[in-house]
Each structure stands twice: as structure tokens, then as C-alpha cells.
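Letter by letter, the chains look like this.
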Amino acid sequence: MTAIQINGLGLVGGFGCGQQALLGALEKGEVSPVAVALRDHHIPLLQADSAPLENFLNKRALRRIDHFSRLALLGAFQALEDAAQPALDKSRLGLVLASGFGPLTTTFDFLDSVIEDGDICASPTAFSNSVHNAAAAHISMQLQITGPNLTISQFDQSLAAGLLSAWQGLAEERVDAVLLGVVDEYCPVLGHCWEKFCEIPGAQRMTPLDFSRMTGIVGEGAAFFLLQRETPIPARYGRINSVKVGNLCGSKPQLEIVRPLILGCEGLLNNGATYGQYVANGQPVACYSPLYGASPVSPAFDLAVAALSLQRGLLFPSSDDGGDYYQGGVIRETRPCSALGCLRFGNDGEYAVIHLSRGDL
Amino acid sequence: MNQAVAISGVGCLCAAGMTLASASASMLRRERNPGPPRAFLTSHPSPYPVFEVLAALPRQGNNPELLRTTRLALSALAEALVDAGLDDADLFGLKVGVCIGTTVGSAMNNEDFYRDFRSGADPSMAPIERYLRSNPASAVARHYRLDGPCQVVVNACASGTDAIGLGASWVRSGVCDIALVGGADELCRTTYNGFASLMIADSKPCKPFDQQRRGLNLGEGAGMLVLESAASLRSRGKSPRGYLLGYGSGTDAYHLTAPHPEGRGLRQALAETLRTANVKAQQVSFINVHGTGTPDNDRVESLVLGQLFPRTPLVATKCYTGHTLGAAGAIEAVLTLASLEQQQLPGNVGLTHADPELSVYPSAEPVGVRGTLAISESLAFGGNNSALLIGLEVPR
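These protein sequences, in sequence, are chains A and B.
Reading the first sequence from the start, the letters are residues 1 to 361 in my numbering.
Reading the second sequence from the start, the letters are residues 1 to 396 in my numbering.
It is possible that some hints are incorrect.
Cross-link-like lysine to aspartate or glutamate pairs, in silico, EDC-like; alpha carbons within 16 angstroms at most [what the hints assert, rightly or not]: (1) A/Lys90 to A/Asp176; (2) B/Lys238 to B/Asp116; (3) A/Lys196 to B/Asp87; (4) A/Lys28 to A/Asp360; (5) B/Lys238 to B/Asp90; (6) B/Lys238 to B/Asp87; (7) A/Lys196 to B/Glu393; (8) A/Lys90 to A/Glu173; (9) A/Lys196 to B/Asp90.
These aren't lab readings, by the way, just hints derived from the structure by calculation.
These numbers were taken from a predicted model, which means no experiment stands behind them.
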């Protein structure tokens, strides 16, 4: 199998809900974070609102479903609706859900119940929704997807791991299509960790191409993709030609053939410089993380931007124009686009390069 | 398409034994030793027994900077690599992937940290740093400086089985030369309280398939396998210990915590497993069932297996290991291979009065088996079901 097609998109993030919301943010070039309370102060957050899920499910069905699973359900419903393939056999549809941290809120809700009420009064509802694959279970139940169902967790590289699993399932013809989703949510403990490990920016705007400063703002959300094997019918949003993963301890990412590149940097000091080290000066690059924030889900939003760009044949200007701090080739004007790549470095030396091209080529 | 992938080494560590050989031997002797948890305190009036690994972990499992789950994985992997005849130097230069299933190993649920946080204190970040360092697949890759694909499967109690199935596809497709696959999980107060809250933990030693079964006992441990391409094995002049011949999975899409009453997803998983291996049900020597000892699980498994495999011997090993969650599928896969090699199954030590409503169930006493093929299956929270077909040889 030489490529997989992207034929449906479902999105919810700090930019809003749906691909029109993301397109609007890409055209505007910025999204304002909200201020959320954390103990005695506030921190900025690119927050995702799952309320539009009520367009797909009634309130009764949503009872006892937590924010993490709601985000996942909203992404999944949108992606299938967008793909508009009513004849898709749900027993031949695989579900791959990837998350950096899983359902954090219910994890701590469960601990709240233990701490407040004692071991014997722990909440079964919070526990069952805190298990990492609960969101995938909710999706399978609500959408009656009975094909293989896989949840994985690989921090920064969760998208790449999910793509690799989807690719294998399609290549071996275990399934006809894969609904791949990446989901992560904010919770106060995450905000606290963010404060302890990173410097919360005073400014309300991320400049991720400035590798010398910490400007990352926490994000959350869900991005879903309906993926299928190549057919004579052009892909709706482009095709993924390869997913290359590796570790800097043993190999280097091959970036020369992938032009332009969407960089997965997020204004974090711990891995920002790695982009500067491995991306050549002449390489045209763009970075859109200011539109959705720093989160394990942001590589999936990068992939969604790539998919939308390939569909339109136009790449949007980088949301960080590079100012006077990035000396490479930042894309500052809308430009034609028939192929591109997404690059993500993790904290352990792990990297992933996804190479895409237009679906009609 | 020939789906067979060679298994060149295996390792296992659980309450039944610190190595595969010792665990297999103790199970055949019908030894088990569940007891109240020692790793943490509990205020349940009558503590639920657990199957805890009480012995010190071997050298690879001593790094205090890592979660115990990850140390269990590294310990079992060390045994598997020795069994495969591989050392660190052999792995260098090869494309080696890591795929490990877990539940606790991926959860940011440190209770002490959280108690301090919610009280307004400024807790040490050490538990969070340890969690961030302890993604089991990444930690293994870091330990051996590996450059291949790396991922953790968090499919609840089917995680280990799915991790093995996925890793096999990497080897089959050439994504990597070797895949280090399996599952690991530690005993944890959070999951202990969680299963108690669901009222599916037995306050006595578990009794899978017994009329008086009341639920599961948690356990801890790890099972790891070295899956290797034929070319890599040839270049080393090594013979495989066995083969992973088939893998399948299916989803109930029914309920968050209860299995589908007719076992819809399990049937799908078993059908795919046999189909991918091009094997008929009659060729299967035995099935290592999920067998948690919960009323629902055992009833659904017995229903499905009674219809699809009415005369195939069953074995339920959780009565010796406890339910090791994300590790269970991997530990049971390794034990399945060992039972094939020994042509003998341990008895179901908790079974004294078989449930008359169940059409099939494991033998209470050890039994001999014949043949070279066996299935290991997992049923998970969320309606995930998966199965592996393991063989001593590739059937013609």
C-alpha cells in the first residue's frame, strides 16, 4: 500500500468547532485564549467547547459522559458526517483513538471520591470514565462501530502512533476504513504541572518559532480523520504518502524531500531548539500552534491544517511570522500547495515526519 | 497471506513466578498465594486479596526513577532477550520497535501528589516527572537506544493482546526487524478501589467458572515477547521458539463495563484470528480464556466457546496470577506458549463446583493436551475483545 486517503475531518479546539472555524482562524491568524481559574489566579487556555455535541446526541444520551469523551464524540460524529459515506460497513470500520494523557478530569474526579468519601465509597462512574479507552467505547456504542477498536497513548507522538496503527489495519485489509482521533483535555492538575515545568507566558500570543523563549499556551481538543485505502476516486482532503518515525539516538529525520513543512513546535523551551537544529535554513516552514495551543493533540491539528490546505491547493500564512527571531523561510503569504509535510519532535528524541500530497495527483 | 511471525524469545514475571519457567512449574503444582495488598494501605473492612509480586525485581527493574509498571516490563523483557539470544549490541543497527500494553503505566493518578495539590500545598513534582519518564514503550526504547516505532496500547484488559498483535504487523510489513511486545501493570490503590467500586472484586481468592464465583482478584506483572522477522532470525542462525499465527479483535459496542450478552465482539475476534491464520477451530489444542471470575465474563466466554469450540480444552490462569489488567493478555500469551511446549495445562485451582449454567469450563485438575496450536483471548472494559493464535510450528 503506497498511501492512505483522508476523506473526512472532525475538529474541536480553541479555535472553535468544525473545519470552518479552523479555516476562519487560519485566515485571521490568531485565536484569543480564555482565562481559567487555577487556585488563586488565572492562566490562559485555548479551550475547546463540546456543547455542539448536542447537535448529534440528545441530552439524555449525554448523561454521565465526561468532557474528554464528549470532545471525542464530537470529533467522531463530525468526521463521519463530513465523509458522507452512509454505506460504510461499521463492522469493517476501525477506530483508533490516541491521547497523550487520557481522561484527566475523571481520573482526578475518582481520586476526589476516594479522598472525600473513603475507599468504600469510591465513584464507579468516575472510575469507568477514567479508563483510557472509555472515550473509544462511547464512540463505538453511540455510532455502533464494531470493527477493531484501539486506544493508544504516546504523549507527544500519539498522532504518529495512531497513524501507524491505522496504516497497518488498512494495509492488511483488516478494515475498509479507520476513524482516527486524537484527543486531550485540560484540567487544573495539568495547569499546575504546566506552571511548575514551564513559564506561563505573560503575553496572550504564542511565538513558537522563537526557540529562545517560552511562549506556549495550554490547549485542548479533538481532531478526527476518516482514513481509507487509495482508490481511483481522488481523496477528499489529500493523501498521506508516508509516516516516518524514529529516534534521534539512531537516525535523523529526512526533511529535504518534504517541502514545505508544518512545524509542530509549541513555544516550549524543552524541544523548540530541536526544530532549529534539524530544519535547514532554506526550508519553507509554517507553524499554526498559536491557533490551538500546546498539547499532545496539536500535531493532529497540524495534520488537519495540512489536509485543508491540500483540499484548497493553498497553504495558509504561518500563524507565527517568525518576527526577527527565526532566520529560516517562514511562509508569510498564502501560496499554492500540492504537497507538504508535518514534523513533530518529542521530548525523548522521538520524531515523526508525515508526508502528504493532494488527493487528485 | 502467511501471517506467521516468529517468536524468538519470551519472558514473564508475575505472582506465580519471577520467570516463565518458575511460573509454569508453580501453576502445575497448583500453588497460589493471594493475600491482602502490601504495596498500599486500604480501609476496606475486608481487604480484597491480590496477587502481588513480593520478590525483589531483577537488576533491570531497579531504577527508582521509573514507575513499577515500567520496571516490571524491563525485567520481563530482559528474560525474553536472553531467551532470544540477543544482547544490547545485537539490537544496535536493527530497526527495533516497541509495543507495550498497560493501564496503570499510562495514568497520571498519583494519590499522594493529588492529595497535596487539592489541599492547596505545593507538592513535589517528582511523581509527575516519574510518570512522564515511564511510558513503558518509550522507557524500553530509551534503555536499549532503539530507533523503531514505539507505542503504548491502553485498551484496558486487552492491552497486552492487542500490543502483541500490532507488533506482529510491524514485523510482517517490514516496518521493523524485531518488535519487543507485551504488557505490564503494577498493583495500584486507584485501580484497586476502582474495581471494588464496580463491585466485581471478590473478597476471597477468585474462582473462575465456579458456581460461587464473585469476581476477580487484581494482580501485577509483565509478559514480554521478542517477535522477529525470518531474515533477522536467519542472519543470526537462530530457531524460533514459536509463532504468532493469527490475531483478531472485535468490539461489542454495547456497554461501558459489561460484555455483550451474546459475546458479539468476542465472536468477531475469534473468527478473525482463525481466518488470518487459515486455521479451523478443530485444529486448536486449547484456549487460554480471559476467565476473570466475574459472573458476566465467565458466562459470556462459556457461551461463545461452547458454541464455537465445544470440545476444546480450556485453561484459566488468572486463578494463579490474578487479573494483571494491561499485562494479562501478554502474560497469558507467554503461558500459552509454555503450555504448548509442555503439552500440559494447569488445573483451575479455584474451581470446586462448576456453574451448571455454563456449557464449557476449564478442568479443575491439570490435563494433558496434544497439538501445536492454541488461542489466548482477552475481553476488556469498553467492549474490546481480542485473541491471538500461537503455534509451535506453522501449519501447512
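Evaluation of the provided hints:
1. A hinted pair counts as satisfied when its Cα atoms are at most 16 angstroms apart, and A/Lys90 with A/Asp176 qualifies at roughly 9 angstroms.
2. Note on B/Lys238 and B/Asp116: the hinted pairing is violated, with a Cα-Cα distance of about 53 angstroms set against a maximum of 16 angstroms.
3. A threshold of 16 angstroms between alpha carbons decides the hint, and for A/Lys196 with B/Asp87 the separation of about 39 angstroms lies outside it, so the pair is violated.
4. With a C-alpha separation of about 28 angstroms, the suggested pairing of A/Lys28 with A/Asp360 is violated against the 16 angstroms cut-off.
5. Simply put, B/Lys238 and B/Asp90 have alpha-carbon atoms about 13 angstroms apart, close enough for the 16 angstroms limit, and the pair holds.
6. Taken as a hint, the B/Lys238 and B/Asp87 pair is honoured in the structure, with Cα atoms around 14 angstroms apart against an allowance of 16 angstroms.
7. Annotation: proposed proximity of A/Lys196 to B/Glu393 is violated, straight-line Cα distance about 54 angstroms (limit 16 angstroms).
8. The suggested pairing of A/Lys90 with A/Glu173 holds, with an alpha-carbon distance near 14 angstroms, which does not exceed 16 angstroms.
9. For the hint linking A/Lys196 to B/Asp90, the alpha-carbon distance of about 40 angstroms lies beyond 16 angstroms, and the restraint is violated.
Of the numbered hints given earlier, the model fails hints 2, 3, 4, 7, 9; all others are met.
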